[in-house]
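S.K.: Listed here are the chains, written in short residue letters.
There are 2 protein chains.
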Amino acid sequence: MLDSKFSFELLAQDEKARLGKIYTSRGVIDTPAFMPVGTQGTVKGIFTDDILKTGTQIILGNTYHLLLRPGIEILNNFGGLHSFMNWQKPILTDSGGYQIMSLSKFNKIDLNLGAIFKSHLDGKKIILSPEKSIQIQKAINSDIVMVLDECPKQTSNKKILSEAINISTHWAKRCKIEFGNNNSKALFGITQGGLDKELRIESIDKLIEIGFDGYAMGGLAVGEKQSDMFQILNETTDLLPKNKPRYLMGVGTPSDILGAVNEGIDMFDCVMPTRSGRTGLAFTWEGKLNLKNSKYQKDNTPLDNKCRIKDLNKYSKSYLNHLIKADEMLASMLISLHNIYFYQQFMLKIRENINRGTFKNFYKKYINFFN
Amino acid sequence: MLDSKFSFELLAQDEKARLGKIYTSRGVIDTPAFMPVGTQGTVKGIFTDDILKTGTQIILGNTYHLLLRPGIEILNNFGGLHSFMNWQKPILTDSGGYQIMSLSKFNKIDLNLGAIFKSHLDGKKIILSPEKSIQIQKAINSDIVMVLDECPKQTSNKKILSEAINISTHWAKRCKIEFGNNNSKALFGITQGGLDKELRIESIDKLIEIGFDGYAMGGLAVGEKQSDMFQILNETTDLLPKNKPRYLMGVGTPSDILGAVNEGIDMFDCVMPTRSGRTGLAFTWEGKLNLKNSKYQKDNTPLDNKCRIKDLNKYSKSYLNHLIKADEMLASMLISLHNIYFYQQFMLKIRENINRGTFKNFYKKYINFFN
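Chains as they are written, first to last, in my numbering: chain A, 11 to 381; chain B, 11 to 381.
A hint or two may mislead.
Note that the list lumps identical chains together, so a pair holds whenever it fits in one copy or between two copies.
Unchecked claim - Simulated pairs of lysine to any residue, SDA-like, Cα-Cα distance not exceeding 20 Å:
#: 1; residue 1: K183; residue 2: E219
#: 2; residue 1: K99; residue 2: V47
#: 3; residue 1: K252; residue 2: E83
#: 4; residue 1: K216; residue 2: D248
#: 5; residue 1: K302; residue 2: N191
#: 6; residue 1: K305; residue 2: D223
#: 7; residue 1: K335; residue 2: H75
#: 8; residue 1: K298; residue 2: Q236
No lab work stands behind these hints, which were simulated from the structure alone.
Whole structure, please, built from the sequences with the hints as guidance.
M.R.: Here it is as structure tokens:
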């Protein structure tokens with residue numbers, strides 16, 4: 011089934027939860043899928059060949075960060091990010107919109123020009139138009155390209171949400187034109203509308219009218235309650251095309267992912283497994299463990315007996331506790347790798363349960379497990 | 011030849027340079043050998059299973075650091091450091107003496123009591139007697155145990171050096187008694203005497219009289235000129251027993267190692283490859299490269315085309331330059347691993363050249379190569 015054309019196949023459904031496959035020219039992605047985040051051309055603290063061993067089939071790169079550093083010229087020299095960072099499987103890039111809002115020192119939205127901002131590194135003024143965002147993602151040689159959107163930080167002010175939809179829709183059209191015809195790559199639209207059902211539906215309808223290879227739910231997981239996020243997904247995912255992948259951006263905890271799969275979402279990305287790894291927090295089948303805690307000081311059991319990548323199953327919690335206290339880099343390396351491995355094992359279990367029609371049991375068992 | 015008894019075999023000699031094998035119950039060590047430093051139970055920034063892939067046959071642990079953290083109780087729970095850190099090959103431990111001088115906030119030497127110091131972590135007062143140093147190294151389950159010595163920071167004051175010899179000799183005797191009979195482990199003596207030929211010979215004679223499984227040259231590489239260090243080695247290594255390994259502590263650059271092998275030294279340890287790795291400095295067959303330098307920004311060649319561990323040969327200097335600038339942990343991970351691999355390749359070439367009788371050519375080619 012692997013050819014150069016991007017496509018999505020829905021293999022099974024268990025109530026709303028979907029089992030599928032995304033085909034790209036760089037490999038197949040089993041969905042529901044989790045994408046580790048490689049913001050600056052590296053999934054923090056993990057060797058590229060070790061990422062492969064976790065079962066990861068696609069990673070995410072951040073257009074905003076890569077534009078600032080190493081910059082487009084260097085990425086062009088390498089024919090894109092895959093060769094530069096030595097990752098030959100698929101890469102999805104965000105459009106830069108979200109990071110402009112959250113990281114840059116000064117930013118302004120102009121419907122015609124695009125997002126105007128100052129680099130958080132050197133204060134240099136940059137204008138990111140919808141067209142430029144697509145051009146940069148092409149230089150990155152991204153397999154799944156995201157449209158430039160305006161992503162408001164709050165989820166209920168109708169005026170702000172409505173304006174964000176207008177701008178995002180206008181930019182989405184321009185992105186599609188700039189993207190052009192390219193069957194081997196995909197362009198995803200990003201719906202806005204916060205938690206407002208009416209506005210979210212308006213945004214979905216407008217994007218479907220333009221027509222994309224996949225649809226993301228944007229402007230969620232920005233501080234709202236988990237139950238509110240699940241609610242808006244429950245009310246609106248059915249309106250998305252069944253034959254296209256659905257991506258919930260920036261999500262989340264294993265429980266967030268489980269609840270969103272339950273509402274029909276196929277793709278996720280989040281810094282949580284690696285960021286937690288750097289602070290000594292491990293996601294395991296025993297729950298979420300804070301390995302800094304002195305109760306692990308003499309615990310000679312590993313995080314996961316069954317782990318078969320590298321020799322992770324041989325490192326005890328006691329040793330990890332020691333490494334964290336001694337401020338040793340190896341703590342971040344081991345726990346980040348473990349967490350990515352755990353997330354991918356978690357996704358595998360989700361897919362197995364959808365396939366067997368037992369997803370609801372798995373959902374009930376783990377929906378509150380990691381809180 | 012592998013049995014539980016510690017022994018050393020001298021296989022070949024090229025002028026003063028020696029090719030040998032150390033046999034331990036945990037594996038063979040080809041000499042001249044380089045021991046990566048695992049101060050706190052981890053070779054900084056490197057997975058234990060990756061250390062193996064570099065060709066490393068023995069690592070060094072620091073008694074002072076391990077005594078303070080994780081502490082003897084936890085090491086005892088694991089039956090020693092090997093299981094705790096998941097490294098099954100040989101470990102050499104220093105005695106703690108050098109770190110007490112260089113790291114602890116307050117220290118005093120008492121001929122009878124030992125080294126009295128305050129922990130650099132919590133200020134707690136600790137007395138490290140020669141007997142206690144050996145007991146701790148036994149708890150670590152070290153394969154090569156070092157005697158507690160007094161290591162002065164300077165290399166020419168006769169009075170200070172002479173006193174250090176007296177104390178160190180007295181302590182060495184007590185260490186030997188405490189070590190007792192244990193054929194499967196080794197106890198090494200440490201000669202003092204700085205750059206003073208007469209005193210160095212006095213120290214060597216006294217230690218040989220006590221009798222050890224190997225002899226270290228202590229109190230060198232503490233700031234003196236490289237040529238002075240080579241000179242004192244030249245004048246004294248011939249006095250050490252031919253059938254015992256000789257260890258130059260805390261050395262050094264590839265050039266330091268080469269010059270010391272030329273004077274008949276068999277073993278080395280140094281933090282240089284990992285510490286340099288964390289600051290973007292790589293040791294390569296092209297020389298010492300500062301990868302922070304912007305001249306590498308567009309250099310798409312790897313550090314070592316021939317490197318066959320992990321996929322290190324696929325990462326370009328341009329990518330490493332980017333990772334360093336972006337303050338990404340992966341830079342330290344990649345360059346530290348590369349440097350340890352390079353050091354072990356360098357030792358391999360030294361051994362091959364001694365074996366072929368071409369050591370002098372290799373020496374001439376590289377003695378000034380890394381300056």
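S.K.: Next, verify each hint and record whether it holds.
M.R.: Here's how the hints hold up against the structure:
For the homomeric pair K183 and E219, the shortest alpha-carbon distance inside one copy (10 Å) is at most 20 Å, but the shortest distance between copies (88 Å) is not. In the homo-oligomer, the alpha carbons of K99 and V47 lie at most 20 Å apart inside one protomer (14 Å), although the nearest pairing across protomers, at 36 Å, exceeds that limit. For the identical chains of this complex, K252 and E83 are neighbours neither inside a copy (39 Å) nor across copies (59 Å), given an alpha-carbon limit of 20 Å. Taking identical chains as interchangeable, the C-alpha atoms of K216 and D248 lie at most 20 Å apart only when both belong to the same chain, with a minimum of 15 Å there against 86 Å between chains.
For a Cα distance limit of 20 Å, the shortest separation of K302 from N191 qualifies neither inside one copy, at 51 Å, nor across copies, at 40 Å. Taking the closest pair of Cα atoms, K305 and D223 never come within 20 Å of each other, the shortest separation being 49 Å inside a single copy and 41 Å across copies. Taking the closest pair of Cα atoms, K335 and H75 come within 20 Å of each other only across two copies (13 Å); inside a single copy the shortest separation is 31 Å, beyond that limit. With identical chains, the CA atoms of K298 and Q236 are at most 20 Å apart within one copy only, with a shortest distance of 18 Å there and 52 Å across copies.
When the structure is compared with the earlier hints, violations turn up for hints 3, 5, 6 and for no others.
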